[in-house]
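Colleague: Below are the chains, spelled out letter by letter.
2 protein chains.
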Amino acid sequence: MLNKKMTTNNNYYNPKQMAIREKVFNTIIRCFKRHGAETIDTPVFELKETLTGKYGEDSKLIYDLKDQGGELLSLRYDLTVPFARYLAMNKITNIKRYHIAKVYRRDNPAMTRGRYREFYQCDFDIAGQYDAMIPDAECLKIVHEILNELDLGDFRIKVNDRRILDGMFAVCGVPDDKFRTICSTVDKLDKMSWEDVKKEMVNEKGLSEEAADQIGEYVSMQGGMDLAERLLQDHKMSQSKQACAGLSDIKLLFKYLQLFHVTDKVVFDLSLARGLDYYTGVIYEAVLTQAGTVSAANEAQNDTNAEESVSVGSVAGGGRYDGLVGMFDPKGRRVPCVGVSIGIERIFSIMEQKAEASPQKVRTTEVQIMVASAQKNLLEERLQLISELWNAGIKAELMYKKNPKLLSQLQYCEEAGIPLVAILGEQELKDGVVKLRVVATREEVDISRADLISEIKRRTEA
Amino acid sequence: MLNKKMTTNNNYYNPKQMAIREKVFNTIIRCFKRHGAETIDTPVFELKETLTGKYGEDSKLIYDLKDQGGELLSLRYDLTVPFARYLAMNKITNIKRYHIAKVYRRDNPAMTRGRYREFYQCDFDIAGQYDAMIPDAECLKIVHEILNELDLGDFRIKVNDRRILDGMFAVCGVPDDKFRTICSTVDKLDKMSWEDVKKEMVNEKGLSEEAADQIGEYVSMQGGMDLAERLLQDHKMSQSKQACAGLSDIKLLFKYLQLFHVTDKVVFDLSLARGLDYYTGVIYEAVLTQAGTVSAANEAQNDTNAEESVSVGSVAGGGRYDGLVGMFDPKGRRVPCVGVSIGIERIFSIMEQKAEASPQKVRTTEVQIMVASAQKNLLEERLQLISELWNAGIKAELMYKKNPKLLSQLQYCEEAGIPLVAILGEQELKDGVVKLRVVATREEVDISRADLISEIKRRTEA
Chain D
1 MLNKKMTTNN NYYNPKQMAI REKVFNTIIR CFKRHGAETI DTPVFELKET LTGKYGEDSK
61 LIYDLKDQGG ELLSLRYDLT VPFARYLAMN KITNIKRYHI AKVYRRDNPA MTRGRYREFY
121 QCDFDIAGQY DAMIPDAECL KIVHEILNEL DLGDFRIKVN DRRILDGMFA VCGVPDDKFR
181 TICSTVDKLD KMSWEDVKKE MVNEKGLSEE AADQIGEYVS MQGGMDLAER LLQDHKMSQS
241 KQACAGLSDI KLLFKYLQLF HVTDKVVFDL SLARGLDYYT GVIYEAVLTQ AGTVSAANEA
301 QNDTNAEESV SVGSVAGGGR YDGLVGMFDP KGRRVPCVGV SIGIERIFSI MEQKAEASPQ
361 KVRTTEVQIM VASAQKNLLE ERLQLISELW NAGIKAELMY KKNPKLLSQL QYCEEAGIPL
421 VAILGEQELK DGVVKLRVVA TREEVDISRA DLISEIKRRT EA
Chain Y
1 MLNKKMTTNN NYYNPKQMAI REKVFNTIIR CFKRHGAETI DTPVFELKET LTGKYGEDSK
61 LIYDLKDQGG ELLSLRYDLT VPFARYLAMN KITNIKRYHI AKVYRRDNPA MTRGRYREFY
121 QCDFDIAGQY DAMIPDAECL KIVHEILNEL DLGDFRIKVN DRRILDGMFA VCGVPDDKFR
181 TICSTVDKLD KMSWEDVKKE MVNEKGLSEE AADQIGEYVS MQGGMDLAER LLQDHKMSQS
241 KQACAGLSDI KLLFKYLQLF HVTDKVVFDL SLARGLDYYT GVIYEAVLTQ AGTVSAANEA
301 QNDTNAEESV SVGSVAGGGR YDGLVGMFDP KGRRVPCVGV SIGIERIFSI MEQKAEASPQ
361 KVRTTEVQIM VASAQKNLLE ERLQLISELW NAGIKAELMY KKNPKLLSQL QYCEEAGIPL
421 VAILGEQELK DGVVKLRVVA TREEVDISRA DLISEIKRRT EA
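Chains as they are written, first to last, in UniProt numbering: chain D, 1 to 462; chain Y, 1 to 462.
Honestly, the hints are just simulated from the structure, not real lab data. Virtual Cβ for every residue (Gly too), placed ideally from N, Cα, C. The reader is advised that the hints may include incorrect statements.
Which chain D residues stay away from chain Y? Per the calculated CB distances, all over 12 Å, these [to be verified]: (1) Thr42; (2) Gln121; (3) Asp196; (4) Asn203; (5) Lys255; (6) Thr280; (7) Glu356; (8) Ser358; (9) Pro359; (10) Ala392; (11) Ala416; (12) Asp431; (13) Val433; (14) Glu444; (15) Asp451; (16) Arg458.
Some chain D residues near chain Y, calculated using beta-carbon distances under 7 Å [to be verified]: (17) Tyr13; (18) Met18; (19) Gly36; (20) Ile40; (21) Pro43; (22) Asp131; (23) Leu259; (24) Phe260; (25) Glu366; (26) Tyr400; (27) Lys402.
Derived DSBU-like pairs: lysine-lysine, alpha-carbon spacing no greater than 35 Å straight-line [what the hints assert, rightly or not]: (28) Y/Lys91 <-> D/Lys16; (29) D/Lys16 <-> D/Lys91; (30) D/Lys91 <-> Y/Lys402; (31) Y/Lys405 <-> D/Lys33.
Chain D extracted, bound-state conformation (with noise of 0.2 Å):
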């Protein structure tokens, strides 16, 4: 596999994987910072009470700190329950931030003894009370232009409601007990069958295979706008309040959704479920679409253990969640969220592939010149030259040698991709001017000292 030679070793990466992961931070921010959000920071580490009861099942990934007689402190799990708990905190009720950090959770504990994982998560969430689904419409536009910029290949933005999930179940005459449960299942139908997913509600869930039939019908639809209203006259669907109200919704985010122009990539799919406990209203998932990157995506969960709860596939995902902050306030103050995490991982291990795949180097320097000597003992030129240069701005090297032989500077300069080459020697010295080198042509060229700077600068800013 080419991806492993990138790969040095768990959590370790290289400069030529930072240099990728740069780039793609790098238009993630811009994307965020273009919608005006702010950026937050909060520690590694939370009291281990304030992440239980938020992740359902998956809370036995959490990772704990040694007792040392002090606080029981946890890593974080992920960056919405800090922000929550730091909205609570803070007394803050309208914020739109992003945050971008590591987060940790344990390997599958039963079976690798005390092995952790340990992974960035890249969130932006606008909190707040609003006029409905205005800030979701952002949210969703935030994917595609990211996902548009990052040119990841094809891909779909499924868009759903707890709201409806529930409604659905009820109508269907699944017990109130047995929504989170059989909603975990259907969260499944991405990796499972139909069938497979039906015999686990059935045989595992205790569900009657009538009312597995008719959440079959359901989750089997995929529409736009179109399908929202449909449903919202659908005589079984119609009688619960909820999806009706989980309905309109998905209606007035689709209006908002075509005035941002981004409603060929957005789907309503009534199988999508999301995981985790705290969504209450709309949720979504993007996920690439052509077969090439899809399975890149897949290969990129083994190796670099991607994210947890994102399916094949999947590059984004998120969604309303009204209640959660309120668990962090002593009395219960409701401030309304909706927000979204991008699969950083996932797209860094896609990015590699595609660089790896690529005939073009991965440059790990933005240096735009090397300050080299023709002949020996011209260190203390060089040096008085290259700080000349570093404090006009210009990115460059020299060789950390008192006579470096021309060839072996020219040669770095082609490893490292460097484009230019300022060349010293006694003539050069004489004349007032430097030989530039443009290292990909050979090209050579007599520049005066007093021109040098403005020459780099065109050459190399364009």
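Chain Y: place on chain D using the hints.
Modeller: Then chain Y, alone, in the frame of chain D:
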């Protein structure tokens, strides 16, 4: 304290603090990249055994993870040891890298059970077998560039060499096995008077009064290249081969620093010791010399528990550690290294205090324009326009309300420092224009939709 207003809690950072941090990071990263550095990342946990025996007395501050039956893990204490391990593990013999990441230390464990501290370190290191003092000089140039650009006030960079200290101890009659402990005491000279330091040497560490007095004479010496030359002639000092090697390198270092035009800020100071065990050659530390900022820095230490082993007013430090990588290589292969760590947490605190003292507000977003409406029922038109702006790369916000009041939209801009407002009304829509309002001057001008984007760029991307 003004500073308290910004600090919500230890390890929580609000948008204002993050905006200041981002600015500082950008300045520093720009400098590291100008010098051709790549970046890497290493995991937040290391095997406990990796960290053992590298930090001398400070080892008690290492934070352990819960023993869950697998490997014993500790949180990284700094970025230097993980870097050295990374080089050895991947057999890398040449690299110039920066690494900005969080490290973790226990708070004085005897006093505050279980509490920990989390803070950024910001390191630049050059690894490789090179000609003497060239990379070392570049590290000092980098410190000079960063402190200049951050504009923290006047500063000095103190320079010394472990070999000069060891040679000095030897010729002053310090027994070999007391070098390290006497060195720790010398390290306290920036916080304690010579009298108290001498007392500790004699009474606590059992050094003879005569030896202490001889040390006292040397450690009061400060100068430049001239001092190194004088000490090379010093009848006692010149008896130590080690000291002479160090002094010759200091001479060479100053020669290179002269070519970089930075000697005005650099002082050869025989009292500079630095605590960590792994230094083998040149060491240095940058301190702010202005009373105001020094007291601010001092305060920062109490407030945010700034970095260990950084003395009062210190904002950067580092040195040469030629033996550390070899400790992680199975065959003990040496990779000489020199590096510098920027005292970023202290710099953040100083910048926050400066921001609080300044009449200018810190902006937490870069939003260029607010898309507003002057009448009711224009949400769709606002959504359409803002989508066009986002697609053109303009940073834009709108209020998440169907019918916001114009006044509250304008007030939002004033508070958030958004410079422009695009106001939509029935008339403007009819005329195919947007009323562009400059928030600061209240000037309003009609701009055609076709010209809007270039007009926004012209006015905000100066």
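Colleague: Hint by hint, say whether it matches the structure.
Modeller: Now the hints, each set against the structure:
1. Thr42: violated, 6 Å
2. Gln121: holds, 14 Å
3. Asp196: D/Asp196 clear of chain Y: closest Cβ-Cβ about 33 Å, beyond 12 Å.
4. Asn203: holds, 34 Å
5. Lys255: violated, 8 Å
6. Thr280: Nearest chain Y Cβ is 17 Å from D/Thr280, so the label holds.
7. Glu356: Since the minimum Cβ distance to chain Y is about 18 Å, D/Glu356 lies beyond 12 Å and the statement holds.
8. Ser358: holds, 19 Å
9. Pro359: holds, 21 Å
10. Ala392: violated, 10 Å
11. Ala416: Violated, because the least Cβ-Cβ distance between D/Ala416 and chain Y comes to about 8 Å, which does not exceed 12 Å.
12. Asp431: Given a closest Cβ separation of 21 Å, the condition holds.
13. Val433: holds, 20 Å
14. Glu444: holds, 22 Å
15. Asp451: holds, 20 Å
16. Arg458: Holds, since 18 Å exceeds 12 Å.
17. Tyr13: Hint holds; D/Tyr13 Cβ to chain Y Cβ min 4 Å, cut 7 Å.
18. Met18: Result: holds, 5 Å to nearest chain Y Cβ.
19. Gly36: holds, 4 Å
20. Ile40: holds, 6 Å
21. Pro43: holds, 4 Å
22. Asp131: holds, 5 Å
23. Leu259: Check passed: Cβ of D/Leu259 comes within 4 Å of chain Y, closer than 7 Å.
24. Phe260: This hint holds: D/Phe260 lies near chain Y, its Cβ roughly 5 Å from the closest one there, short of 7 Å.
25. Glu366: holds, 6 Å
26. Tyr400: holds, 4 Å
27. Lys402: holds, 5 Å
28. Y/Lys91 <-> D/Lys16: This hinted pair holds, its Cα atoms lying about 16 Å apart.
29. D/Lys16 <-> D/Lys91: Violated: D/Lys16 and D/Lys91 sit about 42 Å apart, past 35 Å.
30. D/Lys91 <-> Y/Lys402: holds, 25 Å
31. Y/Lys405 <-> D/Lys33: holds, 25 Å
Hint compliance for this structure: hints 1, 5, 10, 11 and 29 are broken, all remaining hints hold.
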